[in-house]
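Asker: Sequence:
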Amino acid sequence: MTELSVLEVLASLRAAGEQTRLRILALLTFGELTVTELTTILRQSQPRVSRHLKLLCEAGLLERFREGTWIFYRLADSGEAGRLALQIVNMLPRQDQLLLTDQEQLSAVKEERHAVAATYFKENAERWDKIRSLYVPEGQVEAALLSLTEGRDIDDMLDVGTGTGRMLEVFSPRITRGIGVDLSHEMLAIARDNLERKGLRNCQVRHGDMYDLALSSETMDLVLFHQVLHFADNPLSAIREAGRLLKAGGRVIVVDFAPHNLEFLRDEHAHRRLGFGAKEISRWCEQAGLVPQPVIQMDGKELVVMIWAADKP
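FYI, the numbering used here numbers position 200 of the sequence shown as 638, with every residue one higher than the one before it.
Simulated from the structure, these hints should not be mistaken for laboratory data.
No experiment lies behind these values; they were computed from the predicted model shown.
Here a beta-carbon is modelled for each residue, glycine too, at the ideal position from N, C-alpha and C.
Certain hints may be false.
Okay, the calculated beta carbon distance ranges per label pair [what the hints assert, rightly or not]:
1. Gln-484 with Leu-586: 41 to 49 angstroms
2. Arg-612 with His-552: 23 to 31 angstroms
3. Gly-715 with Gly-517: 26 to 34 angstroms
Required output: the full structure, derived from the provided sequences and hints.
Answerer: Now the structure itself:
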């Protein structure tokens with residue numbers, strides 16, 4: 439990790455050295471927030487808050503990312519500037535009345551966010567339960583996934599098509615940092631809500647396309663596709679992108695169904711593929727420059743779950 443120069447430290451301290459900006463840093467220790475949410479909590483105009491955020495980002499204390507038309511901010515989770523941001527926040531008095539008021543406002547914002555996520559989940563839960571009833575219990579699948587990573591050092595994990603964020607929750611105790619990506623803003627809202635409620639500070643979610651993930655090459659120890667490739671127009675392209683992201687020795691894991699004839703999954707749930715053959719995914723992994731491992735098969739009522747693993751040499 440590159441150390442900050444004296445001038446960079448001074449620039450970061452200057453950026454943080456203002457009341458509203460300190461309040462922003464303190465709020466973002468509780469999770470990522472949008473500009474609108476910050477303006478609500480701070481009770482300041484959007485242009486004013488945006489200027490504060492711009493200065494903090496330029497100093498490396500915050501990270502900014504876009505999710506559709508929304509822009510989120512979080513404390514920098516890497517680099518010396520990110521560590522400095524945490525040190526600054528830790529120096530703030532915990533019982534400061536202004537900071538406590540901010541936390542109360544933050545709780546109200548999160549309650550509203552929880553309500554929106556809960557409504558969407560309730561409206562769709564019956565459809566998801568119908569699918570889950572057709573195959574082996576998820577707990578058994580999760581246990582198999584954990585066994586495939588036993589003894590491996592996983593600093594950075596990517597969950598492609600993260601959905602509710604469940605896989606991030608499962609792997610959180612084993613990883614340093616987890617990122618979940620999804621195309622659905624509604625599912626990202628649910629995942630973000632779940633991660634916040636469970637206090638999983640080492641995991642985050644963002645909007646992303648499985649074919650073109652905005653991440654640097656060779657940065658991931660594990661890339662997971664859990665029940666997502668059946669939505670893909672071009673699964674090979676998605677696996678190639680996963681291979682690009684893997685570090686040497688890293689592993690990609692694919693969880694999906696074996697071939698089946700349940701057409702309602704295509705008609706009602708937008709499944710483009712009705713399962714994959716064991717050799718099909720393994721062949722794609724080879725074409726992506728990965729080394730396939732033995733395939734795991736888990737029989738269910740009407741659907742068979744398959745788990746493929748492949749390593750980057």
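Asker: Decide, hint by hint, whether the structure agrees.
Answerer: Hints versus structure:
For the pair Gln-484 and Leu-586, the supplied restraint of 41 to 49 angstroms holds, since their beta-carbon distance comes to about 46 angstroms. In this structure the hint that Arg-612 and His-552 lie 23 to 31 angstroms apart at CB holds, the actual value being about 27 angstroms. Here the CB-CB span from Gly-715 to Gly-517 is close to 44 angstroms, at odds with the stated 26 to 34 angstroms.
In summary, the structure is inconsistent with hint 3 from the numbered list given earlier, while agreeing with all the others.
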